[in-house]
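J.: Residue numbers (the working numbering), protein chains in the order written: chain C, 1 to 288; chain F, 1 to 98; chain Y, 1 to 132.
Derived from the structure by calculation, the hints contain no laboratory data.
Every residue gets a Cβ at the ideal spot worked out from N, C-alpha and C, and that includes glycine.
Don't take every hint at face value.
On the chain Y side, residues computed to face chain C include the following (Cβ under 7 Å) [claimed, not checked]:
hint, residue
1, R8
2, R9
3, S12
4, N14
5, I15
6, Y18
7, Q21
8, G97
9, Y98
10, G99
11, I105
Listing some non-contacts, in silico: residues in chain Y with all C-beta distances to chain F over 10 Å [as the list claims (entries may be wrong)]:
hint, residue
12, F58
13, V64
14, I69
15, I75
16, F81
17, W110
DEER-style ranges, computed between Cβ atoms [unchecked claim]:
hint, chain 1, residue 1, chain 2, residue 2, range
18, C, E242, Y, L126, 52 to 58 Å
19, F, S16, C, G35, 46 to 52 Å
20, Y, T53, F, P71, 31 to 37 Å
21, F, T2, C, R190, 38 to 44 Å
22, F, T2, C, D67, 52 to 58 Å
23, F, G97, C, E248, 45 to 51 Å
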Amino acid sequence: MTEDKRSPFLIESSDQLPRVTVLKRFPLPRKLGVGKESRIGKGKRWPLPATAAARVKTFEIYRYDPDSGDNPVIDIFEIDLDDCGPMVLDALIWIKNKVDPTLTFRRSCREGVCGSCAMNIDGTNWLACTRYIAETDGSATIYPLSNLRIIKDLVPDLTHMFAQYSLIEPWLHSKAPAPERERLQSPAERAELDGYYECILCFCCTSGCPSHWWNGDRFLGPAALLHAYRWLIDSRDEATGERLDDLEDPFRLYRCHTILNCTRTCPKGLNPGKAIAEIKKMIVERTG
Amino acid sequence: MTAIALIPLTVWFLASVITLTGRDHAGVVTWLRTPSATICMVLLLVALFYHMALGLQVVIEDYVHSGARFPVLIAIRLGCFALAVTGIVVTLRISLGG
Amino acid sequence: MKTIASRRRPLSPNIQIYRPQLTSVLSIVNRVTGVVLSAFAVFLVIWLSAAATGPQAFATVQSVIGSWIGQFLMIGGVFSFFMHLCGGIRHLFWDAGYGFHLRTIYASGWAVVIASFLLTGATWALSTYMAG
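Same shape as in the complex, but just chain C (with noise of 0.2 Å):
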């Protein structure tokens, strides 16, 4: 979309979100509810040389080591806009190639499509290789996704958010024997799979849903509940009742109380919190 199309209301789509808000933090104490493997210490500091040029950047990146058996800390590394991409994620590469290479995170594509360098930036979740270093704070802060175990550094163990992906059995149910040719579609009924196929299961949504973060144990998460409707919807498939069935359930599914910062955040302007919403409305509908 140009510029200039762009309606006159604030929010077209995730990317346009006003970055600043009036507070960058809830006015919590830093140790509330944070266990004592957990806290987050005081790092180091990687200034540049000094004969370095002047456009300098500074990035606050959480680090944790489970070799050391250290607690995780915040690492301050100043870099040098000039020698540098464009992109948080170039920043990230920049720092590992130039000043500390064993700081660890997971990249692939470097373009929005694999979602492997999905990471809190400036306090929302977000893909580090589509977010402006422009567009960041003066100094800019990095954390893993929320509420996830922290194997190294900037990478999290995603083994529950998958196990739960998993659960919703992602793949097409048939009764039917398997037909001879690919199972037809027509355009419209592709047409309603549009918006709501497109996850690449980055789990921004999940990681950033409160009501994840208190009840992930049994609540799904948008990013699961987003591609259970993708699969409710679709025509070819036949067991939309037992997978309803299997998602009514005051944790699995209501556990969602439309808080929708998942649909704020999602990096590839999805929206899982009406797929939530519609699921609700299919099993009101269904009894009713």
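Take the given structure of chain C and dock chains F and Y to it, following the hints.
T.: The following block gives chains F and Y in isolation, referenced to the frame of chain C:
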């Protein structure tokens, strides 16, 4: 859904209270004795405390994960029920009493 | 050096660092106002009971409401009521499947905030006018 019922009922209550501002005891009792006010008040109390029990239950389920959860949930239900009953009895006493 | 197995992996921070946004802030406000209104619901029963008991008890309760701290709490209660009411109506639209466009989410969110302030102001003005 109790929420839908509560929209007109609570707005009615607030509007009534605004008109009652500055009235004395007799004025309030006279108001509550009109049949429409009595009926609305009873409906309000039922819907309000049902809604309150459901709402508080969700809050507790979200944040309390210890063994205290179950007794607290029971206490909330009983408390809301008791408050609703008390409110209704008192309203009817005003409405029907001499 | 401790062995890796002896250590639990740290949990990355959640509420401690996640940016407060209109979405999450209005959600928590709806919840907090709901709990506040529960307290006012208890007070409603006390008020009715006092009215049933007699003019003297009723006068006592009314004087509590009339004190400056009572007035302050009442305005807070009325604001909580409108916040919860408007937020609740917003939730009803969502439950019906409407209003999920991000632009709508933000527009309705700010509308709830502005409407709550205006309605609270209007209520205060009206009741002051009624009181003479």
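J.: Hint by hint, say whether it matches the structure.
T.: Evaluation of the provided hints:
1. R8: holds (5 Å)
2. R9: OK, holds: Y/R9 within 7 Å of chain C, min 4 Å.
3. S12: holds (4 Å)
4. N14: holds (4 Å)
5. I15: holds (6 Å)
6. Y18: holds (6 Å)
7. Q21: holds (6 Å)
8. G97: holds (5 Å)
9. Y98: violated (9 Å)
10. G99: With a closest approach of 9 Å, the Y/G99 hint is violated.
11. I105: At 6 Å from the nearest chain C Cβ, Y/I105 passes the 7 Å test, so the hint holds.
12. F58: The claim is violated: Y/F58 sits with its nearest Cβ about 4 Å from chain F, within 10 Å.
13. V64: holds (14 Å)
14. I69: Holds, since 18 Å exceeds 10 Å.
15. I75: Y/I75 is indeed farther than 10 Å from all Cβ atoms of chain F, at 13 Å.
16. F81: violated (7 Å)
17. W110: Its Cβ never comes within 10 Å of chain F, the nearest being 21 Å, so this holds.
18. C/E242 x Y/L126: 52 to 58 Å: Once the Cβ atoms are compared, 55 Å apart, the range 52 to 58 Å for Y/L126 and C/E242 holds.
19. F/S16 x C/G35: 46 to 52 Å: At 51 Å between Cβs, range holds.
20. Y/T53 x F/P71: 31 to 37 Å: holds (32 Å)
21. F/T2 x C/R190: 38 to 44 Å: holds (40 Å)
22. F/T2 x C/D67: 52 to 58 Å: holds (55 Å)
23. F/G97 x C/E248: 45 to 51 Å: holds (48 Å)
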